[in-house]
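Given only the sequences and the hints, what does the whole structure look like? Please build it.
Taken in order, these protein sequences are the chains called A and B. The first sequence finishes on residue 505 if you use the numbering used here, and the numbering steps up by one all the way, no holes. The second sequence finishes on residue 460 if you use the numbering used here, and the numbering steps up by one all the way, no holes.
Rather than coming from a laboratory, the hints here were simulated on the basis of the structure. Please read all numbers here as calculations on a predicted model, not as lab measurements. Glycine is no exception: its CB is placed at the ideal position from the N, C-alpha and C atoms. A hint or two may mislead.
Unchecked claim - Going by beta-carbon spacing under 10 Å, a handful of chain B positions derived as facing chain A:
id, residue
1, ARG137
2, GLY262
3, SER264
4, LYS267
5, VAL300
6, TRP303
7, ARG307
8, SER308
9, SER309
10, PHE312
11, ILE319
12, ASN322
13, ALA327
Stated by the list, open to error - The calculated DMTMM-like cross-link candidates involving lysine to aspartate or glutamate, where the alpha carbons are at most 25 Å apart (straight line), are:
id, chain 1, residue 1, chain 2, residue 2
14, B, LYS332, A, GLU329
15, B, LYS332, A, GLU360
16, A, LYS119, A, GLU188
As the list claims (entries may be wrong) - Between beta-carbon pairs, the in silico distance windows are:
id, chain 1, residue 1, chain 2, residue 2, range
17, B, ARG307, A, ASP387, 27 to 33 Å
18, B, LEU296, A, GLY101, 53 to 59 Å
19, A, PRO265, B, LEU296, 40 to 46 Å
20, B, SER421, A, GLU58, 44 to 50 Å
21, B, HIS232, A, GLN184, 43 to 49 Å
22, B, THR229, A, SER311, 27 to 33 Å
23, A, SER311, B, ILE209, 43 to 49 Å
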Amino acid sequence: MKLQLRGITKRFGSLVANDHIDLTVEAGEIHCLLGENGAGKSTLMNVLYGLYQADEGEVLLNDEVQHFEGPGDAMAAGIGMVHQHFMLIPVFTVAENVMLGNESTRAGGLLDLPAARAKVNEIAARFGFHVDPDALVEDLPVGVQQRVEIIKALSRDAKVLVFDEPTAVLTPQETDELMAIMRQLKAEGKSIVFITHKLREVREVADRITVIRLGKVVGEASPTASNAELASLMVGRAVELTVQKDEPKLGDDALVVDHLTVVDPIGQLVVNDVSFTVRRGEILAVAGVQGNGQTELTEALLGLAHHVQGSAVLDGTELVGQSVRNILESGVGFVPEDRTEDGLVGEFTIAENLMLDRSESPPFVRAGNLQRSHLADFAREKVEEFDIRTQGINEYVQRLSGGNQQKVVLARELSRDLRLLVAAQPTRGVDVGSIEFIHKRIVAARDSGVPVVVVSTELDEVAALADRIMVMYRGRIVGIVPGDTPRDVLGLMMAGEVPAEGAAA
Amino acid sequence: MSDPQPPKGDAPGANEPDADVAIEEPAAASPEGGTATDDVRATASGPGIPAEPGEVQPPSKWQTMLRQIATGNAIISVLAVVLALLVGAIMIAFTDERVQAASGYFFARPGDTLLAIWESVAGAYSALFQGSVYNFRRDDFLAGIRPLTETLTFATPLIAGGLGVALAFRVGMFNIGGRGQMLIAASVAGWIGFGFDLPWGIHMIVALIGGLVGGALWAGIAGLLKARTGAHEVIVTIMLNYVAFYLVSWMLRTPGLLQAPGSSNPKTPAMNPNAVFPDLLGPQFNLHFGFILAILATIVVWWILSRSSLGFKFRAVGINPNAARVAGINVKGMYFYAMLISGALLGLAGVSQVLGTVTTGFTAGIDAGIGFDAITVALLGRSTPWGTFAAGILFGAFKAGGFSMQAAEGVPIEIVLVVQSLIVLFIAAPPLVRTIFGLPQPGSKPKRSRKPDTKGVKAK
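Structure representation (structure tokens):
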């Protein structure tokens with residue numbers, strides 16, 4: 001089905017979120033919508049999906065003007081949406097989720113589950129993967145949950161599929177599999193709108209690329225465009241995609257991890273006998289597919305994990321067995337993987353978040369009293385220094401964009417007297433412009449002599465930052481290799497293969 | 001990130017719980033307020049679904065919802081009161097006999113009905129006012145102002161208890177155990193009050209402290225169980241209400257414990273005069289020193305929540321316990337301390353009952369439902385210290401004025417209770433209040449910031 005958006009304009013008060021946007025997606029085409037966070041991509045898709053009413057402009061399907069009052073109308077017209085945050089009910093089975101909202105019944109009002117099961121199997125088989133229709137959604141890996149979303153859309157005969165940042169939650173492997181599915185959908189003649197801000201994915205699958213900035217279409221590009229071209233279109237200026245960094249000035253061993261083992265609450269061995277050393281002034285990047293123990297490793301270093309054996313010694317101080325408080329006070333800075341969940345208090349102001357892990361002692365607390373004027377000065381200084389785009393230091397952190405939120409976390413951690421920085425997925429969900437800034441600050445921390453551990457599932461990031469790369473697979477270290485190790489070698493290591501000529505660095 | 005976009009970020013906040021109610025602070029009134037656009041979706045696609053699925057694991061759905069209800073904005077509180085009074089007026093009119101009689105010939109002489117309605121409603125509410133603020137029918141000022149002092153007397157335990165519930169709310173806990181905590185505190189303070197013979201002043205202070213400690217420890221049980229075992233404080237505090245009630249009832253029936261010697265009634269002896277709270281305005285008024293303590297408690301709670309390091313940690317735990325834990329805050333400890341303080345405040349409510357209001361000995365009914373009214377007061381006060389203070393006074397006025405409304409106009413006192421209940425009902429449904437008063441729903445407000453982007457649809 002051919003989808004056309006003509007002159008879509010959506011205003012929120014004085015803000016024009018979409019400004020006369022035109023977009024045409026032909027049947028059998030993957031059309032990428034590229035733009036930074038806040039550029040207006042999702043607003044546009046919400047207009048398409050009937051969640052917002054456009055102030056001007058119209059939506060056409062096969063040249064017929066459509067009027068969607070809500071998602072129900074859009075779905076009936078053949079538009080399916082795969083949301084970034086899945087709209088699935090975790091305690092329902094796959095089949096139940098697929099039929100939800102569109103339940104067919106048998107005599108006596110009984111749900112026709114067998115039909116739903118058959119549908120799941122049929123659609124899954126068409127795309128050559130298997131999903132157990134009776135599995136509970138909460139037991140499935142994220143990538144499979146996403147497939148359930150796709151199946152759900154297809155089960156209603158969607159002709160136009162919108163993927164809203166589908167890869168944000170996926171591992172590189174799952175991303176590749178998703179790309180394959182998208183190509184199959186395209187081959188079936190579906191029209192696909194693919195929203196993202198990751199350049200490499202765009203170039204991999206897109207047939208056409210439309211770049212949106214500040215609510216306007218700023219250009220079309222072909223998939224052959226270079227990353228730098230796309231990035232500068234998106235951001236509106238030239239962006240450095242690689243980080244300038246000098247040779248590391250290596251110091252002594254700072255963090256010595258020895259035979260560290262972590263068992264998760266359900267008894268699984270998530271970090272298995274890991275030993276490594278980080279020297280002062282170097283960045284050790286921990287690479288690996290999501291869920292191979294990197295998260296748990298960082299949590300163990302912070303004292304957040306429950307059952308930890310072995311040791312992790314920072315400058316002569318044992319970290320294992322200490323409270324989070326003590327570990328923070330011994331100079332460990334931590335950028336958690338999920339900033340909204342673990343890094344920030346959404347309904348606290350920027351200033352309050354900047355003192356979140358320093359609520360015990362001077363300079364922010366004296367004799368149990370908050371030092372509000374000191375905090376305000378400090379916050380203004382950090383907002384300036386870290387280029388946090390905000391109305392003021394008393395703005396709630398949850399109102400900030402992902403990149404600015406992450407800058408708040410980074411500002412807080414880097415403003416302490418650090419002896420070790422642990423950063424997990426420091427640029428996940430962060431726009432291109434902010435990534436550049438965050439990488440620079442991490443490198444600056446390294447250059448000031450702080451040992452840094454960066455966990456990332458993005459090979460781009462690993463390559464940009466690492467002095468040495470440690471690859472983890474199923475809780476074990478596959479190998480520690482130099483920072484300039486080629487991608488294909490890393491890829492094999494991430495799948496668990498030990499490189500041939502032994503790895504040491 | 002040097003694009004010229006307005007710096008204000010959108011609020012994709014994956015953990016943004018609702019935006020509908022909780023976050024709106026003063027912004028609701030100003031068109032510039034810019035609440036997260038996430039709500040647009042919520043309102044556009046049906047009743048707001050407060051928390052969204054996905055990666056976020058809010059403390060729990062219902063805790064998020066509780067927080068929205070407990071900490072909304074002040075305008076909604078005020079409008080809820082207005083609305084409840086309006087509905088109350090309708091009920092007064094309907095239950096009034098003259099209105100009923102006049103409406104029998106409404107189409108012949110509608111004026112009669114309207115007049116009767118006006119008289120019944122105006123009469124009832126002016127009686128409410130005269131019973132709670134100033135009685136114009138008295139000649140001298142001292143007698144005229146007496147209702148106001150009654151209001152403040154009734155308000156004293158409501159303020160103290162409301163503060164206790166509000167503080168627990170802010171730490172993400174629902175302390176429903178006010179009744180039990182009040183009973184234990186009243187028993188301890190009462191036992192010290194009648195069973196000992198200490199000098200004036202010291203006796204009162206010892207009894208007061210004993211009561212506070214009693215209330216704190218009783219609530220502390222719930223806090224400790226939550227911290228150590230994860231037991232839900234709602235269930236634990238409810239059950240502790242029963243435990244406290246029957247424990248106190250038993251002690252009141254057992255000679256040698258709380259029962260007055262030589263009596264077979266389940267009632268304690270009168271308090272030793274040395275332990276009784278002094279009257280603030282002389283013996284002709286009931287207002288006692290407890291009211292000063294309630295004011296002090298409000299100041300202390302305000303200081304804890306907005307100015308102290310402890311309160312900072314309390315609030316962090318209340319909003320995002322995960323982030324608090326990662327920031328090195330002892331989350332379990334905060335739960336425990338918060339329950340201790342909450343219990344002490346409810347204890348103050350119990351103490352002010354036995355040492356201030358009812359000094360002639362008490363029964364197991366000494367809590368007078370204040371432990372539960374305190375929840376209402378905290379909700380109406382939006383869990384802020386001064387809001388709770390104001391709400392406590394309002395509810396004190398309802399209590400004081402309700403009696404005179406019944407006496408003067410024959411309006412059933414239940415109307416007052418209905419009005420109180422309606423207030424809470426309206427507070428719990430802010431979109432209803434906004435619709436009735438034509439206020440903009442948060443989502444439809446203009447927004448300076450850029451649109452939320454990636455998370456656009458998640459809240460659906």
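Per-residue hint verdict: ARG137(B), partner chain A, C-beta under 10 Å: violated (49 Å)
Holds or violated: ALA327(B) as interface residue toward chain A, Cβ cutoff 10 Å? holds (4 Å)
SER311(A) and ILE209(B), beta-carbon distance inside 43 to 49 Å? holds (48 Å)
Between PRO265(A) and LEU296(B), does the beta-carbon spacing fit 40 to 46 Å? holds (45 Å)
Consistency of beta-carbon spacing, GLN184(A) to HIS232(B), with hint 43 to 49 Å: holds (47 Å)
Given a cut of 10 Å on the nearest C-beta pair, is the interface hint for ARG307(B) held or broken against chain A? Constraint on ARG307(B) satisfied, holds at 6 Å.
Measure nothing beyond the straight line between the CA atoms of LYS119(A) and GLU188(A); if it is 25 Å or shorter, mark the hint as holding. The hint holds at about 17 Å.
Grab the minimum C-beta distance from ASN322(B) to chain A and call the hint holds if it beats 10 Å, violated otherwise. For ASN322(B), the interface hint holds, since the closest Cβ of chain A sits about 5 Å away, which is under 10 Å.
Per-residue hint verdict: VAL300(B), partner chain A, C-beta under 10 Å: violated (12 Å)
For the restraint on GLY262(B), tell me whether the closest CB of chain A is nearer than 10 Å. violated (50 Å)
Taking the closest Cβ pair, is SER264(B) under 10 Å from chain A? This interface hint is violated because 51 Å lies over the 10 Å limit.
Given a hint of 44 to 50 Å, does the C-beta separation of SER421(B) and GLU58(A) actually sit inside it? Taking Cβ atoms as reference, SER421(B) and GLU58(A) lie about 49 Å apart, which means the hint holds.
Taken one by one, the earlier hints fail for this structure at numbers 1, 2, 3, 4 and 5, listed in ascending order.
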